[in-house]
Structures are given as structure tokens and as C-alpha cells.
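Participant: Next come the chains, spelled out residue by residue.
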Amino acid sequence: MNWTGRRLPRTEDPALLRGEGAFTADLAAGARAVRFLRSPFAAGRILSIAAPDLPPGALLVTGADLEGVGAIRPELFRFNYRAIAQPVLPRERVHFVGQPIAAVVAATPEEAEDIAEAVLLDIEPEEAVVTIEDALRPGAPTLHAEAPGNVVVDGTIRHPDCEAAFARADRIVEFSLRSGRQNATPLEARAGLAAHDRATGRIRLTASCQMPHMLRTGIAALLGMAEADLQVVAPDVGGGFGQKMALFPEYPLLVWLARRHRGSFCWIEDRNENLIASAHSRDQIHHLRAAFAADGTLLGLEADILANTGAFSCYPTTCGVEPLMALAEYPGPYRLPTYSARARALATHTCPAAPYRGVSRPVVTFGLERLMDRAAAALGLDPVALRRRNLVTEFPHVTPTGLTLDQASYVEALDRAVEAADIPAFRARQEAARREGRYLGLGLAVFNERTGYGTPAFAARGMGIVPGYEVVDIAMTPAGEVEVRIGASPHGQGLRTALAQLAADRLGLDPSRIRVIHGDTDRTPYGWGSFASRGAVIAGGATQLAADKLAARLRRAAARLLQAEPDSVTLRDGAAWAGEASIPLTEIARRVHQRSEQLSDLGGFNLAETASYDPGGTFSNACHVAEVEVDAETGHVRILRFLVVEDAGRLLNPLIADGQVHGGVAQGIANALLEEVLYAPDGNPLTGSLADYLPPSAAEIPHIEIIHMETESPETLTGAKGLGEGGAIGAPAAIANAISDALSPFGVDIAELPATPARIRALIRNAR
Amino acid sequence: MKCPPFDYHAPRSQAEALALLARHGEEGKILAGGQSLVPTMAFRLARPARLIDINRIAGLDYCRAEGGRLRIGPLARHARFERPVAPGPTGRLLARAAEHIAHAPIRTRGTFCGSLAHADPASEWCCIALALGADLRVLREGGERLVPAAGWFQSVFTTALAPDELLAEASLPLLGPDWRCGFAEFNRRAGDFALAMAVTALRLDAAGHVAEARIALGGVAGTPILAEAAAASLLGASPTPDSLRAAAAIAAEGFEPTEDAQVPADYRRDLVRAMTRRALEGSLAA
Ligand SMILES: Cc1cc2nc3c(=O)[nH]c(=O)nc-3n(C[C@H](O)[C@H](O)[C@H](O)COP(=O)(O)OP(=O)(O)OC[C@H]3O[C@@H](n4cnc5c(N)ncnc54)[C@H](O)[C@@H]3O)c2cc1C
Chain A
0 MNWTGRRLPR
10 TEDPALLRGE
20 GAFTADLAAG
30 ARAVRFLRSP
40 FAAGRILSIA
50 APDLPPGALL
60 VTGADLEGVG
70 AIRPELFRFN
80 YRAIAQPVLP
90 RERVHFVGQP
100 IAAVVAATPE
110 EAEDIAEAVL
120 LDIEPEEAVV
130 TIEDALRPGA
140 PTLHAEAPGN
150 VVVDGTIRHP
160 DCEAAFARAD
170 RIVEFSLRSG
180 RQNATPLEAR
190 AGLAAHDRAT
200 GRIRLTASCQ
210 MPHMLRTGIA
220 ALLGMAEADL
230 QVVAPDVGGG
240 FGQKMALFPE
250 YPLLVWLARR
260 HRGSFCWIED
270 RNENLIASAH
280 SRDQIHHLRA
290 AFAADGTLLG
300 LEADILANTG
310 AFSCYPTTCG
320 VEPLMALAEY
330 PGPYRLPTYS
340 ARARALATHT
350 CPAAPYRGVS
360 RPVVTFGLER
370 LMDRAAAALG
380 LDPVALRRRN
390 LVTEFPHVTP
400 TGLTLDQASY
410 VEALDRAVEA
420 ADIPAFRARQ
430 EAARREGRYL
440 GLGLAVFNER
450 TGYGTPAFAA
460 RGMGIVPGYE
470 VVDIAMTPAG
480 EVEVRIGASP
490 HGQGLRTALA
500 QLAADRLGLD
510 PSRIRVIHGD
520 TDRTPYGWGS
530 FASRGAVIAG
540 GATQLAADKL
550 AARLRRAAAR
560 LLQAEPDSVT
570 LRDGAAWAGE
580 ASIPLTEIAR
590 RVHQRSEQLS
600 DLGGFNLAET
610 ASYDPGGTFS
620 NACHVAEVEV
630 DAETGHVRIL
640 RFLVVEDAGR
650 LLNPLIADGQ
660 VHGGVAQGIA
670 NALLEEVLYA
680 PDGNPLTGSL
690 ADYLPPSAAE
700 IPHIEIIHME
710 TESPETLTGA
720 KGLGEGGAIG
730 APAAIANAIS
740 DALSPFGVDI
750 AELPATPARI
760 RALIRNAR
Chain B
0 MKCPPFDYHA
10 PRSQAEALAL
20 LARHGEEGKI
30 LAGGQSLVPT
40 MAFRLARPAR
50 LIDINRIAGL
60 DYCRAEGGRL
70 RIGPLARHAR
80 FERPVAPGPT
90 GRLLARAAEH
100 IAHAPIRTRG
110 TFCGSLAHAD
120 PASEWCCIAL
130 ALGADLRVLR
140 EGGERLVPAA
150 GWFQSVFTTA
160 LAPDELLAEA
170 SLPLLGPDWR
180 CGFAEFNRRA
190 GDFALAMAVT
200 ALRLDAAGHV
210 AEARIALGGV
220 AGTPILAEAA
230 AASLLGASPT
240 PDSLRAAAAI
250 AAEGFEPTED
260 AQVPADYRRD
270 LVRAMTRRAL
280 EGSLAA
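Just so you know, the protein sequences line up as chains A and B, in that order.
Start counting the first sequence at 0; every next residue gets the next number (numbering that gives the first Met the number 0).
Start counting the second sequence at 0; every next residue gets the next number (numbering that gives the first Met the number 0).
Note that these hints are calculated values from the structure, not bench results.
Even glycine gets a Cβ: it sits at the ideal position worked out from N, Cα and C.
Just so you know, not all the hints are guaranteed correct.
Claimed, not checked - Pairwise CB distance ranges (calculated):
id	chain 1	residue 1	chain 2	residue 2	range
1	B	Gly190	A	Asn605	53 to 61 Å
2	A	Asp630	B	Ala18	48 to 56 Å
3	A	Gly379	B	His208	50 to 58 Å
4	A	Gly29	B	Gly141	46 to 54 Å
5	A	Arg428	B	Gly190	52 to 60 Å
6	B	Gly190	A	Asp630	41 to 49 Å
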């Protein structure tokens with residue numbers, strides 16, 4: 000029986016659906032409540048922070064109290080990175096509205112908020128740098144002395160023959176695009192609970208986080224405490240999407256409180272804090288210039304990438320994560336003979352940027368796929384044919400930035416999508432609708448998604464902390480169940496189910512006998528977490544390796560007990576078989592542990608193995624098709640159809656894969672049409688509630704059709720590729736292309752996302 | 000996002016509620032559905048020292064046709080109106096609009112009178128009250144007055160209601176079959192407050208000419224407003240696509256739009272033009 004590849008319902012879901020999940024706030028009973036005081040100014044000097052008369056038991060903590068506590072200062076050793084330090088609580092200056100500047104502790108969150116309101120903050124406001132344009136303006140205020148001109152990352156790639164390609168071009172296509180700022184908006188905002196254990200003096204931090212091991216390392220270093228005295232637990236986590244990777248100041252402060260005051264302290268972030276002060280992303284401007292031959296062949300590309308990365312640099316990925324991802328991955332799935340680019344990160348007095356599902360690639364794909372449609376229009380070619388001409392067809396393929404594209408189905412996925420979309424029929428509908436004054440449009444986005452990359456990829460970025468590998472400990476209990484302990488930390492990706500399926504096949508066991516243990520630094524091996532579409536590939540590969548080692552142990556023991564050759568023993572249906580003879584795995588497990596005198600010479604007294612996996616990476620690919628109707632009077636966009644052809648290699652569990660595509664596409668639709676963090680010119684956030692920052696509701700998300708292809712990766716152990724981010728990467732570009740197609744009678748071209756109704760109306764009005 | 004401290008009263012009769020209002024005046028607030036008041040308190044934008052919860056007062060959840068008017072008590076919830084509460088154009092118009100108010104859970108708690116007392120500029124009920132000419136019966140300890148909708152709305156979230164007063168009833172005319180009512184609104188997500196809405200009511204005479212016309216706009220200024228010139232332009236003739244379009248254009252130019260970072264003034268005018276025309280066309284299509 001093959002478990003891998005089946006649409007097994009997720010073992011995670013029943014508890015969540017019954018409301019029996021245990022999120023950080025569910026575990027906080029008895030803890031004292033912490034409320035952070037946040038800067039009301041984007042830029043300013045702190046003159047004083049005066050406490051009101053505190054009720055008994057209440058505390059006010061300011062930067063002055065944190066003697067000896069370090070600053071958050073991640074490193075990058077390349078690309079002209081300027082390391083800037085983010086204090087846990089600042090003493091001198093504030094750098095964005097929402098920055099924590101003090102913490103109030105009280106018995107209840109209500110009381111803490113009452114006290115926080117009464118604290119007298121004396122801050123002298125200073126001129127704020129808010130936008131990319133502000134940051135680059137000559138004479139603009141400098142945020143950090145370490146970064147003159149507010150440039151914190153400046154990476155370039157220059158290919159000497161790029162200029163020649165442009166000189167040779169029949170057609171040069173050039174344009175700028177802008178991507179609005181976004182917040183990942185997990186359903187559960189951030190939350191932390193730090194508890195002191197009187198018996199051992201240890202602290203347990205329960206936090207809604209994606210990288211518990213990294214959080215532990217980072218906090219212990221900041222506080223100068225023994226890492227062994229800190230346990231970090233990620234319980235049920237209500238989504239992260241990258242936002243919960245970072246080491247935020249709030250968490251070390253909670254641990255500091257628990258140590259100093261030997262108690263339990265809890266902070267449950269509210270939605271307003273999450274919207275203004277957690278982490279933002281995607282605030283970018285790209286300028287593109289591409290050289291084409293008359294037949295549509297792409298000859299060269301130049302890109303100038305500007306990313307507004309906010310006031311500080313997120314730990315551990317740094318503020319380089321967005322611009323450098325764009326720098327490295329602009330070539331996408333296309334054959335690009337020559338490429339020159341510059342990518343800068345700019346510091347501003349806004350909430351710091353952090354990775355968010357897709358990291359820059361939604362913007363890159365928006366750029367590339369608008370480029371393909373614009374070039375087709377300029378050259379009078381069919382946009383599908385233009386793409387087909389330029390897509391990579393031979394693998395492995397090395398991109399101009401040195402990435403190796405493994406076996407994929409770029410052209411095949413495009414063809415499948417075009418066929419399923421039935422473009423001729425659509426064009427007929429579009430014609431008929433136009434005669435009635437209705438505007439339908441169809442847009443494509445072809446892209447690849449770099450996933451499952453290990454330490455080499457992160458090391459190439461020059462990161463001071465290099466994530467990438469995963470370690471898995473596997474053990475069979477004396478009763479014959481299997482425990483798989485993973486360093487990765489899933490929070491909605493269904494890894495407990497998918498990894499059990501993988502291990503079940505290697506061990507000949509039912510997945511219900513397998514427990515996947517994660518999210519607890521005391522109970523799992525050091526590892527990185529769930530981000531960058533890596534769980535199935537890397538934790539999956541390590542699980543497979545560990546399960547194979549355990550299977551080998553079981554076969555050797557079985558061979559002894561069945562008096563057969565180890566090579567002739569197979570594991571299936573919960574037993575070890577040699578020909579017709581068999582022995583249940585439960586019996587082997589019992590004997591290894593309890594009758595070790597018979598078997599310990601075969602490899603020890605238990606059934607525990609460890610394996611690690613650190614792959615180079617693999618590219619999944621997809622083609623998204625959006626069909627939209629634009630209301631030309633209101634600018635409203637309705638999605639009539641959304642189709643995804645997804646190729647993520649071998650699918651461990653297609654049901655989970657579908658869920659990843661659905662969620663990603665929903666966030667991509669939000670990116671294309673709805674969500675945007677806005678600031679006033681003085682740096683005050685204008686989108687501090689979900690009435691102003693607009694995540695889609697079910698009503699705004701259409702049915703999403705998915706066609707899976709399975710081009711197995713030769714680069715990964717399981718043949719699987721990651722797909723966690725693809726939905727979010729392709730949807731914005733497909734929708735932007737569809738809107739541009741719909742409004743082509745007006746000559747409207749979408750170059751800014753989200754394409755809000757007000758923006759679309761302005762484009763139509765100006766075009767008329 | 001936790002409410003500041005407050006005292007809580009749960010009167011069992013209207014008289015008791017009025018006595019509490021008389022005593023606590025400025026610092027007291029009526030709690031009806033709580034769907035606007037509680038979020039505002041959570042954001043600490045409102046800090047009433049006392050809440051006077053009227054939900055335990057029996058008999059206030061009525062909604063009945065009487066003497067040619069629809070009488071709506073202070074605890075009649077939005078959800079009540081999702082299906083026509085009375086035959087004829089008024090009940091149908093209310094049902095058309097009800098589905099646009101927030102989401103189902105909010106509609107099961109929020110009240111018609113609470114919307115009028117709260118006076119959000121984008122409230123559907125406020126816009127309809129102005130368009131149809133609602134009368135608002137207001138009580139205070141030892142006093143009563145009737146305020147016409149035209150005199151009710153003063154500015155954003157501000158009405159003619161005094162701090163010691165209770166909105167005890169809203170009544171709407173039950174329009175006859177010669178009336179055609181239309182409703183259209185635009186919002187970015189289902190259930191959001193509208194960026195613009197239009198409520199239209201035309202009375203057609205036997206010849207099919209417009210004998211009376213009312214057009215109200217919501218969500219576009221500090222209060223709902225009447226588009227009087229646009230309405231007047233339709234009088235005395237049979238409506239045609241062109242005359243509706245022209246009326247919509249007049250409506251779009253005849254007011255000072257509120258502006259914000261997401262909705263520039265000229266976009267607000269675009270929406271008013273589109274919503275007015277669609278409401279008018281919709282009212283005549285059926
Ligand atoms: C997410 C969300 C979306 C929403 N969308 C919409 C929408 O699209 N359209 C819309 O119209 N509304 C919307 N609302 C608001 C909702 O309709 C409220 O229910 C309504 O505005 C207020 O009614 P209430 O009964 O809940 O009043 P409450 O919240 O209880 O009270 C509101 C105010 O009115 C006062 N008040 C209430 N009743 C009386 C009375 N009888 N006499 C004197 N004073 C009184 C209160 O003291 C308070 O000041 C939305 C609300 C939410 C939370």
C-alpha cells in the first residue's frame with residue numbers, strides 16, 4: 000500500500016475544527032499581561048518616559064532598565080550591507096510608528112492598557128523618511144549613521160555583453176512598476192508567553208513563531224543567558240507566511256521579564272499592533288528594460304530594483320531578503336542570454352520589512368509577465384507564442400545569476416493552461432461583451448518557484464546566520480509506534496500528515512502509528528523551521544533518510560529473528576517479511592528494547608536513528624490564468640475564473656497541495672486587488688484596522704481550478720518540489736495581465752498593485 | 000484594543016432607562032446591538048463611563064405597519080429586514096439594502112434605531128431614512144419629541160439626539176404601488192461600509208410621468224444627503240435612459256465629497272454617478 004501521494008485528510012484538522020487547538024493565548028491562564036507602549040511618531044528623540052502612579056504589582060519597563068541587553072543586529076557579508084542595530088527598547092530615538100518603547104505589566108490586559116495610556120511620553124518629533132522617493136532624495140534625513148543615504152543593501156550584477164544585446168535589439172521595452180506595501184495578516188497575530196520555572200530556573204517561551212530554534216539562539220544571545228536555560232515552544236500557530244520568522248523585540252523582553260521577576264508574562268498582540276508594528280513587505284519599485292529581437296527572442300534584461308525595507312533589518316534573514324531575491328531571480332523561467340541589475344534596500348521610518356509568502360517573486364513575476372505581454376503587443380506577436388519562444392526547455396539550465404534550474408515543465412504547463420482556458424472561446428465572449436459595453440480580460444502568468452534550498456543558497460547571500468538543513472530524529476517505541484522529531488516547525492502546512500505518509504511507506508506501517516513531533520526546542524533536534532517552501536522537500540527528505548535507517552535496523556533484527564538474509568526482508572502491513580514468514584514490527588520493537596541480550600549486537604539497545612538533509616534546491620513551476628470582468632464605471636474587478644496548472648514534482652499529499660495553492664492564490668488576489676498598507680506623509684499608518692487594510696473574505700475569492708503535473712525533481716530525495724508560495728507568486732501577475740487585457744480598448748496598462756478600483760478608474764479617466 | 004472601564008446598567012423598563020439617562024446624561028450611553036459602540040470602545044475612541052443596556056427591556060423589538068407607516072422599535076435587528084417586513088415598495092427596499100449591512104452575525108445583533116443613533120455616514124438605514132422621510136420619536140424623562148429625518152443628521156456620528164434622550168421609534172412611510180424604489184451601493188468587499196450608495200424613490204403618475212422624486216446619497220459626505228437638483232430634473236416626464244443618466248451626472252456634481260487616502264474626490268463622484276444611475280434604472284426595470 001502506498002500512502003505517499005494519497006489525498007489523506009490532515010490529522011491536524013479535527014482538533015482545529017472542533018476548537019480544541021491550543022494557541023499561545025489558550026495557554027496563558029495565570030500569566031501577567033504585558034502591553035507594549037508604541038511610538039506615536041515615525042521619527043523623534045525620546046526626552047522622557049514618565050510612569051504614572053502604578054497600582055501595586057504593576058510594572059513599567061523602559062530601555063533604561065535593560066542594562067546589558069544586546070541589540071538585534073543580523074549580519075550579511077555581501078552586497079554592501081550596512082548592519083544596523085535594533086534595540087529591544089530604545090533609549091534615544093524612535094524609528095517608526097508602532098515601535099515598542101516601553102512595556103507595562105499588570106494583572107489583566109485591560110488594566111495594562113489603562114496604565115499604558117496614562118504613561119507620559121515626551122518625544123520630540125523629527126522629519127520622517129517614509130517612501131522610497133523620500134529615502135533617495137538628496138539631503139534626506141539619515142535614519143542610521145551606519146547607512147549614509149539610507150541605502151542598507153546595494154547589490155549589482157553586471158554582464159559585460161548586456162549593452163551589446165541592447166545595441167542589437169529590434170525592440171526595447173521599458174517601464175516601471177510599483178508594488179504596494181503589504182502585511183501578511185495571519186489569522187492569529189503574534190503572541191508570546193514566557194514562564195519561569197522555579198525548580199530549574201529555566202524559562203519556557205511559548206510563542207506564535209515559525210523558527211523556534213532560531214528564536215531560542217537569538218534571545219539567549221541578546222540576554223546573555225545560557226541557551227540551555229531557554230526552551231522555546233511553538234504550539235498551534237495560526238499562520239505565519241514569513242511574518243513570524245523574525246526575532247522581534249517583544250519576545251526577548253518577555254523572557255527578560257520572566258527571568259527578572261521569576262514569573263509568567265504574556266503578550267497577545269492585537270490586530271492594530273499586528274497591522275502597524277509586526278512586519279511589512281513588498282513595498283518596491285522596479286524599473287525594467289528588455290531587449291527583444293523582431294521574432295520575439297528575449298536578448299537581454301536590465302533591472303533596477305528598489306525595496307523600502309523599513310526602519311530595521313529583520314533577524315535572521317536581514318533586510319536584504321527582498322531586494323536580493325529579486326536580484327537573483329529576475330530571469331525566472333526564461334532563457335535570458337544576458338542580465339544586468341542593481342538592487343537596493345532603503346531604510347525608512349516605517350515598520351520593518353520581513354519575508355512574506357513569495358518574497359519579492361510576486362513583484363518579479365508581475366514585472367516579467369507584464370513585460371511578456373507588453374513585448375508581445377509592441378512586436379505584434381501572440382503573448383503565448385512569445386512566452387513559448389523564450390521559456391527554458393532544456394534542463395539542467397544555468398541562469399545568468401548562476402542558479403541551476405532542474406527538470407521542469409515550463410512549456411508543457413503553459414500549454415496545458417492555454418488549452419484548459421480555451422482562449423479562442425474566451426476571445427469570442429470578450430468580443431460579445433465589449434459590444435455591450437462590458438470589459439472582460441484574460442491574463443496569464445508563467446513562473447518558476449525556487450524551493451527546498453539548503454545552506455548553499457543562503458550562504459551565497461552572505462548571511463551571518465545560514466539556515467538550510469533539517470535534522471530528523473526517528474525512534475520506534477517499545478510498543479512499536481514511531482516518533483519522528485523534526486527541527487522544522489509547521490504551522491498549517493500539514494507536515495504532521497505528509498511526513499507520516501512518507502515514513503509509513505518506508506517502514507511498512509500505517510500512518511496512524513506515526514507521530515510527528517515539532518515546535519519544541521526541548522523535544523526536537525536543532526533545525527530551522529517552515530518557510531521558503533521547504534518543509535516537504537527538506538524535512539521530508541530528512542524524514543525519508545531517517546526512516547530508511549530505521550527500516551534497515553528493523554530488517555536486520557527481523558532477519559535474525561526469522562533466520563533469513565537481511566536483504567531478503569521486506570517491511571509491509573506492520574510486519575517484517577521473509578518469504579511467507581513474518582514477524583510483527585511490534586514484536587521486533589519489544590524484543591529490541593526488552594530482550595536486548597538477543598539483538599543488541601545488531602546496532603544498539605534502542606531503535607533510534609538520526610538523519611539530516613541539506614539539498615541544493617529545486618524549482619517548481621506553474622501557470623496561472625485569470626479571467627476577469629472590469630466594471631469600467633467603478634473600477635471594480637470581478638474574477639470570473641481562476642485556473643492554476645501546478646507542477647511541484649511528486650505530490651506527497653495532493654489534498655494538502657491543493658490547500659497550499661488555494662491559500663496562496665487567495666493572498667495573491669489580495670495583493671492584486673485589495674490589501675495595501677498606507678502611510679501619511681508624516682509616517683503615520685493609515686491602515687490600522689481591518690476596515691482599512693482589506694484582506695479578502697470568502698466572497699472575494701472565486702473557485703480555484705487546479706491541474707497538477709508531476710515532473711519529479713532529480714535534485715530532491717523524495718522527488719517533491721516545494722509549492723507553498725506559488726499561489727501568491729503567480730496570481731498578482733495573472734490578474735494584472737487580465738485587467739490590462741480587459742481595458743486594452745482604453746489603452747490602460749496596470750503597472751501598480753494593488754489595482755484598486757480608484758486606481759483603475761483614474762487610469763480609465765486619464766486614458767479617455 | 001480592550002475597553003476602558005465602565006459601569007453597566009441593565010434596566011428592565013423604558014422608564015427605568017430614561018431615568019438612568021436623566022441621571023447620567025453625558026457620561027452614559029445606550030447599548031443596543033453593540034455592533035458600533037463596542038468596537039469604538041475597544042479602540043478607546045469612545046469612553047462612556049456607563050452603559051445602559053436596553054436589551055432586557057421587553058417589547059422593544061417590534062416592527063409593524065400601522066397608520067400608513069412602518070413603526071420600528073429600538074430593538075428591531077437588521078436581520079429582521081432581510082425579508083420584506085411589509086408588502087409594497089418600502090419593505091422591498093429595506094430588504095434590498097439589508098443584505099449590504101455588514102455580515103450575518105452583525106445583522107443578528109445590530110439594530111435599525113442603533114444605526115440611526117450612531118449616524119455613520121455610510122449607513123444604509125440612515126440613507127433610506129433620509130430618502131423616504133423617516134420620523135424619529137425621541138423620549139426623555141418627562142418629554143417626547145418627533146424629529147424628521149431631514150433635521151436628524153448633523154455631522155459625522157452626530158445627530159439631533161440629546162445625551163439624555165432615547166430614540167424610541169423610527170417610522171417610515173409605507174409607499175404605495177405607484178412608487179419605484181431603487182438601491183445601489185459600491186464597496187470593495189462584501190459587507191464593508193459603502194464607498195458610495197444611492198437610494199432613489201420615484202412616484203409615477205397614471206401617464207408614467209415622474210410626479211415625485213427623492214434621491215439620497217450615503218457614504219459620500221459627513222451625513223447622508225439629498226440630491227435635490229438631480230431628483231428635480233426627473234419631474235414631469237417619463238424617465239428615459241438619457242434622463243436617468245443626466246440625473247446621475249447632476250447628482251455626481253452636486254455635493255462636496257469626503258476624501259481620504261483610498262478614495263479621492265473625483266473617484267467618489269464617479270461612484271455617485273454610477274450608483275445613482277444604477278439605482279434609478281434598477282427601480283424601473285422590475
Ligand atoms: C464589521 C462591521 C461592518 C459593518 N458594516 C456596516 C454596514 O455596511 N452598514 C451599516 O449601516 N452598518 C454597518 N456596521 C454597523 C452596524 O450596522 C451597527 O449595528 C449599527 O451601526 C449600530 O447599531 P447597534 O444596535 O449595534 O448600536 P450600538 O453599537 O449598540 O450603539 C451605537 C450608538 O448608538 C447609540 N444608540 C443605540 N441605540 C440607541 C437608541 N435606541 N437610542 C439612543 N441611542 C442609541 C449608542 O449609545 C451608541 O452611541 C458594521 C459594523 C461592523 C462591526
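Participant: Each hint needs a verdict: does it hold in this structure or not?
Facilitator: How the hints compare with the structure:
1. Gly190(B) <-> Asn605(A): 53 to 61 Å: holds (57 Å)
2. Asp630(A) <-> Ala18(B): 48 to 56 Å: Since the Cβ atoms of Asp630(A) and Ala18(B) sit about 52 Å apart, the hinted range of 48 to 56 Å holds.
3. Gly379(A) <-> His208(B): 50 to 58 Å: With a Cβ separation near 55 Å, Gly379(A) and His208(B) satisfy 50 to 58 Å, so the hint holds.
4. Gly29(A) <-> Gly141(B): 46 to 54 Å: holds (51 Å)
5. Arg428(A) <-> Gly190(B): 52 to 60 Å: Hint violated: Cβ distance 30 Å, outside 52 to 60 Å.
6. Gly190(B) <-> Asp630(A): 41 to 49 Å: With Cβ atoms ~19 Å apart, the hint is violated.
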